[in-house]
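*Asks:* Here the structure of chain A is known, so what remains is to put chains B, C and D in place on it, guided by the hints.
4 protein chains.
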Amino acid sequence: MAGSTFGTYFKITTWGESHGAGIGVVIDGCPAGLPLAESDIQKDLDRRRPGQSRFTTQRAEGDQVEILSGIFEGLTTGTPISLLVRNQDHRSADYSEISSYYRPGHADFGYDAKYGFRDYRGGGRSSGRETIGRVAAGAVARKLLVSLGIRVLAYTVSIGPVSIDFSRFEEAQIEQNPLRMPDSAAAEAAQEFLREQMAKCDSAGGIIECRIDGVPAGLGAPAFEKLDANLAKALMSVGAVKGVEIGDGFAAAASSGSINNDPFRLTDGKISKETNHSGGILGGISDGSRILLRAAVKPTPSISSPQKTVSKNGEPVEIQIKGRHDPVIVPRAVPVIEAMAALVLTDALFENMTSRLDGIRKFYGFNTVQ
Amino acid sequence: MAGSTFGTYFKITTWGESHGAGIGVVIDGCPAGLPLAESDIQKDLDRRRPGQSRFTTQRAEGDQVEILSGIFEGLTTGTPISLLVRNQDHRSADYSEISSYYRPGHADFGYDAKYGFRDYRGGGRSSGRETIGRVAAGAVARKLLVSLGIRVLAYTVSIGPVSIDFSRFEEAQIEQNPLRMPDSAAAEAAQEFLREQMAKCDSAGGIIECRIDGVPAGLGAPAFEKLDANLAKALMSVGAVKGVEIGDGFAAAASSGSINNDPFRLTDGKISKETNHSGGILGGISDGSRILLRAAVKPTPSISSPQKTVSKNGEPVEIQIKGRHDPVIVPRAVPVIEAMAALVLTDALFENMTSRLDGIRKFYGFNTVQ
Amino acid sequence: MAGSTFGTYFKITTWGESHGAGIGVVIDGCPAGLPLAESDIQKDLDRRRPGQSRFTTQRAEGDQVEILSGIFEGLTTGTPISLLVRNQDHRSADYSEISSYYRPGHADFGYDAKYGFRDYRGGGRSSGRETIGRVAAGAVARKLLVSLGIRVLAYTVSIGPVSIDFSRFEEAQIEQNPLRMPDSAAAEAAQEFLREQMAKCDSAGGIIECRIDGVPAGLGAPAFEKLDANLAKALMSVGAVKGVEIGDGFAAAASSGSINNDPFRLTDGKISKETNHSGGILGGISDGSRILLRAAVKPTPSISSPQKTVSKNGEPVEIQIKGRHDPVIVPRAVPVIEAMAALVLTDALFENMTSRLDGIRKFYGFNTVQ
Amino acid sequence: MAGSTFGTYFKITTWGESHGAGIGVVIDGCPAGLPLAESDIQKDLDRRRPGQSRFTTQRAEGDQVEILSGIFEGLTTGTPISLLVRNQDHRSADYSEISSYYRPGHADFGYDAKYGFRDYRGGGRSSGRETIGRVAAGAVARKLLVSLGIRVLAYTVSIGPVSIDFSRFEEAQIEQNPLRMPDSAAAEAAQEFLREQMAKCDSAGGIIECRIDGVPAGLGAPAFEKLDANLAKALMSVGAVKGVEIGDGFAAAASSGSINNDPFRLTDGKISKETNHSGGILGGISDGSRILLRAAVKPTPSISSPQKTVSKNGEPVEIQIKGRHDPVIVPRAVPVIEAMAALVLTDALFENMTSRLDGIRKFYGFNTVQ
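Taken in sequence, the protein lines are chains A, B, C and D. Following my numbering, the numbering of the first sequence begins with 876 at its first residue and continues without gaps. Following my numbering, the numbering of the second sequence begins with 876 at its first residue and continues without gaps. Following my numbering, the numbering of the third sequence begins with 876 at its first residue and continues without gaps. Following my numbering, the numbering of the fourth sequence begins with 876 at its first residue and continues without gaps.
Rather than coming from a laboratory, the hints here were simulated on the basis of the structure. Keep in mind that a hint or two might mislead.
What the hints assert, rightly or not - Okay, derived cross-link-like pairs now, DSSO-like style, lysine-lysine, Cα gap no bigger than 27 Å in a straight line:
{"hint": "1", "chain 1": "A", "residue 1": "K1237", "chain 2": "C", "residue 2": "K1237"}
{"hint": "2", "chain 1": "C", "residue 1": "K1018", "chain 2": "A", "residue 2": "K1237"}
{"hint": "3", "chain 1": "B", "residue 1": "K1237", "chain 2": "D", "residue 2": "K1145"}
{"hint": "4", "chain 1": "D", "residue 1": "K1145", "chain 2": "C", "residue 2": "K1183"}
{"hint": "5", "chain 1": "A", "residue 1": "K1187", "chain 2": "D", "residue 2": "K1237"}
{"hint": "6", "chain 1": "D", "residue 1": "K1145", "chain 2": "C", "residue 2": "K1187"}
{"hint": "7", "chain 1": "A", "residue 1": "K1183", "chain 2": "A", "residue 2": "K1197"}
{"hint": "8", "chain 1": "B", "residue 1": "K1187", "chain 2": "A", "residue 2": "K1237"}
{"hint": "9", "chain 1": "C", "residue 1": "K1145", "chain 2": "A", "residue 2": "K1237"}
{"hint": "10", "chain 1": "A", "residue 1": "K1187", "chain 2": "B", "residue 2": "K1145"}
{"hint": "11", "chain 1": "D", "residue 1": "K1183", "chain 2": "C", "residue 2": "K1145"}
With the rest of the complex left out, here is chain A (with noise of 0.2 Å):
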């Protein structure tokens, strides 16, 4: 499956390892004629950057980004977009250890299993370090999908125990605090928690709400390619990630279908919904309705606290990892999360525009039958 390529027409293919000399990504599949420069997509990876703030890494990393290709007189030209930042704090003496054994909630062991052996330096390909890539990438989405009038917008709604407060909801304050939490309180009682985790040595995971905003109905295919299993894909494919939820999610497994169900309205002399259990999509078409989505994010599993485990030849070992770890990813994983969501809304905007006849022909110039 050669698994680091994702989508059809808008279509990424990211590269690289945490220590090695840089990550990067291509994109093919971008239209031709959309202004891009490095800030447009600067700005997304600083928001994912090590070191934002004390519950961040202080991995040294500017990640700066360079345009490699696809873009000529400050426009894309239709050609391979190919970005690249390089790795600047390698510092691999701190991994040089881990590589003797099997770190307990990393990818150590399936790598192994799969490739024979691994660049056990910081995780190799398995690092956060990959996600760069996504968000460079994203960034591109995202500023075509604001040019048609779609907003992607992602924030953290729970850390560990402590969850926001959707009466208290201030988009506002998503970019004031280092949780990216839209709930200035429970920013300040998720912070104290993780405080207390990490004076433990311990992590903490969390969810992370995403909305799209002005997305068209129509989007989406039948059967395999429904938009929400494409959605669900992209943000599976997310490191930490172990659970995908659209509309009401889970809490719909134990709903009614006649409170479920959202009854249609006409509203401004448009069809919308009085409701959204369904988050958007409808037999994985969107129905116009804002796209509701939330990913649960598992705690950091680099812990600075002993753990159990074995070594390559299967030998007990207790080992205490080293190293500069995030206590939790989520508030880093929100660009990411956005950035996904990004991709897939491209795709299917691109699929959708030969789903008709009269549409094709109208795009051509053609305007009677024949």
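*Replies:* Frame of chain A, contents of chains B, C and D only:
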């Protein structure tokens, strides 16, 4: 994206509508030499078929499968296997009314937005009958997996508010009650709940769990083709599924690293794990433990109590859906979830064969480095 | 690779063997709103059918197509179109002998090497009957293309040593003679040649040319998805094709840049070219001129004169192939070439719709930059 | 279609323009454990590089490759291999003039039609420099193939009217003359011909042949993924290629079945063929004989003699192309053809591993039927 194809190696393409001539699937990439008869497939189709109990639609369909190609002298030949199930009980009359309005909770509106019009008879392509092709193909995949020691088992863990008690888990129970619950007491309670919902002309949802045993470590791929990402897509592509979890899923978001990390250990000379919060997949690659998934199924949207909605022109109408509908689709979705999981596993097994040069060299009979 | 799927947007999956229950194809990605009836498809199947003249096999097959899905009230719905042709004249007995040896010029040996055994009846999946699915899908693609002003026309330009004289080219002739040659004199000479070959229990090959008119400039993509690259694959994927040319083809290799370059000019306010050595494609992208392709078809390998070969165990045997075989397959391959060209063009038309941001914005109704 | 990705298993994605920051390729799906250094790749890049003789452009490019990812301790890790070649000799000034008109024989017009504008510097993405990524990826594929006993060798068989004499074929000659002809006398004559063309400010084309030895029988797939179909696409996707043949190619069209059929025989206990008119592929599947391909390369379109064409607005102009151009690109295309053939073969080798259940069972260590 042409949504009706799934898989890369063991690739299936489904087709058919609720009230067309039939439903079918083409399987391309099934290896040669697998013994296969129609009875192998019929067995699973019978578990998905309508009319199994009072909790499933009474539509009269035998759902008899015919193998049209790909088998010679009882064995798969390696060429496409085409499977056909003719529709019998069309009764299009029941559905003629629904052509004029949009049923809440159904794909009607999105299909019209996408395609300009729709085959409104029984939901057309968005009907649950589309899953016949999935179950048929899944039966082939499951037979192949079993021959390699891999077993996929799904069952109902909750219906509306009624959940099973895992301390009473009895596999033999699953096919003994109409809800496919592995706990007879819970099955009784859930049936009672369903009778109440039916009396109220309402419907219910539930949660399906799926265990996959015997999976070798190393299946899946880094980045986008993570094994859990593909499982999430597979499950979310089933019409009524609104949420997907792997391992502890959303509960992991509230856990701590010290608890959620599964320590590795040596048992019987084999590296395994003490716990399995990860659900058998770490970093997108199987870790050799049981794979554990859950899918949230929404309540059947077709309820016979009156509902508000709009006509195609946006005029408010009150409707009452007639016809024969499942008050809960969870038990019939159980074999569909098994099928989808089996398809993903088969693909991952095939993908993994080219991961290592030494494996390839061994396969082609080269034993020394040249 | 699972070889039976072709196309990315207008995606077809064929299935079926020479002596199985039938042959078919699933078309996924056909836009909604195309009027389509079985007669649209039957027309082309009849041109591919056996028994049309003394130069085609006398196997008695009506090759009647049945549409199983994807059509509602006479229009395509945008969902998969499944087409079925039942095999009638199996006569498996004719083929039982060939199970034990490898026919020269046939795929028998390769299939055994690949799959361990083979459906030897009539060549199984490697039979020319596999092209029924292609022609059926191609008929749909051609109808769609015609509605957009694009026309695909193929014909025979040579049979063995007999070539047409382009100064006598008459399109109306093509369906007037059994060899599909647009030059009646050449057709006469070729028939005479074929009668001689048949008398010698021998067979012949030939060359098919294909013109595609009405193609807008800009179809195709840089690098690997060049329009001519996909056409080459499409044509070479037809069993007996051993060579493919675009424009001047091999003759271009002996030409000079000053001659081979086609000067651009303005005609009727439109940029066109004075000559068309390129065959309508430059750098993999259509240049608005007629696309011109040629495919070399090898002589039918099934000849009734005695041949040397080996048995499955490698023992030398002399064989004499029985059964009903075309002395030349070129005329029946003409609609297959048309089908394959039409499939590639349809895909390229769809691909091109997302090439430019301004086109996408226009499609979705955004007219001003935001 | 997003045209810059090639291959399904061993998947490559190229990027870069003639006068952008650089050119590169990402290889995804290379198995773990292949020893790989930059020198393995540089070797082939040096054969493609400009400035090798008076018959290649004098553009000064070192084309030094940097491996950015996918290698650890000298071995491939199974994760994406990113390769980068920085452009050095941009000299954009040379090209500024060509922005205003359409060069005959080039992709300029099609790119404008497709994308609305183009990076006109040196042809942008349509430049021959795009093949750097192909050759780099091909070098990795070739190293892998060699370790499995498969060898790809290409060479020039004609330049303009000058063809080699196969009775004088000498492999060692290929890299001894600037035209990569395996016949020194023909190479001399061809150089003389080229000098004449250059004196006339004209250019030449030619034919490249490619032999692939050591291919096991059974590679390729029925229907659309025939091995020769993929080879045809691969070769035709190289910018200047206008025709592709396998085995006897177009000559087969004029042959008879009795001659064109290759009799099977037993040699050294192995089934082989007495002749090889088929070029090593029957029914799309390798037959164990040498695979033999030919590609027709058109004359370089950039010639310095005056040419007629039109401006972007359609006004007639007479142009004279400046800059440094190859009078013939055939010798530099030889390593590109080798690369493309190697990529297809690698993919086919991987595809074939899942053809038979017994092979899969053996791979995973199951030896008895369950």
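*Asks:* Are the hints correct? Go through all of them and say.
*Replies:* How the hints compare with the structure:
With a C-alpha separation of about 10 Å, the suggested pair K1237(A) and K1237(C) falls inside the 27 Å cut-off, and the hint holds. Taking the CA atoms of K1018(C) and K1237(A), the gap is near 17 Å; set against the 27 Å cutoff, the hint holds. Simply put, K1237(B) and K1145(D) have alpha-carbon atoms about 21 Å apart, close enough for the 27 Å limit, and the pair holds. This hinted pair checks out: K1145(D) and K1183(C) have alpha carbons roughly 16 Å apart, not beyond 27 Å.
Note on K1187(A) and K1237(D): the hinted pairing holds, with a Cα-Cα distance of about 25 Å set against a maximum of 27 Å. Restraint check for K1145(D) and K1187(C): satisfied, since their Cα atoms lie roughly 11 Å apart, inside the 27 Å limit. For a cut-off of 27 Å, the pair hint linking K1183(A) to K1197(A) stands: about 15 Å separates their Cα positions. Distance hint between K1187(B) and K1237(A) is fulfilled; the C-alpha atoms sit about 23 Å from each other, no more than 27 Å.
Restraint check: the Cα-Cα separation between K1145(C) and K1237(A) comes to about 21 Å, which is no more than 27 Å; the hinted pair holds. Taking the CA atoms of K1187(A) and K1145(B), the gap is near 11 Å; set against the 27 Å cutoff, the hint holds. Using a Cα cut-off of 27 Å, the hinted pair K1183(D) and K1145(C) holds, with the two alpha carbons roughly 16 Å apart.
Checked against the numbered hints given earlier, the structure satisfies every one of them.
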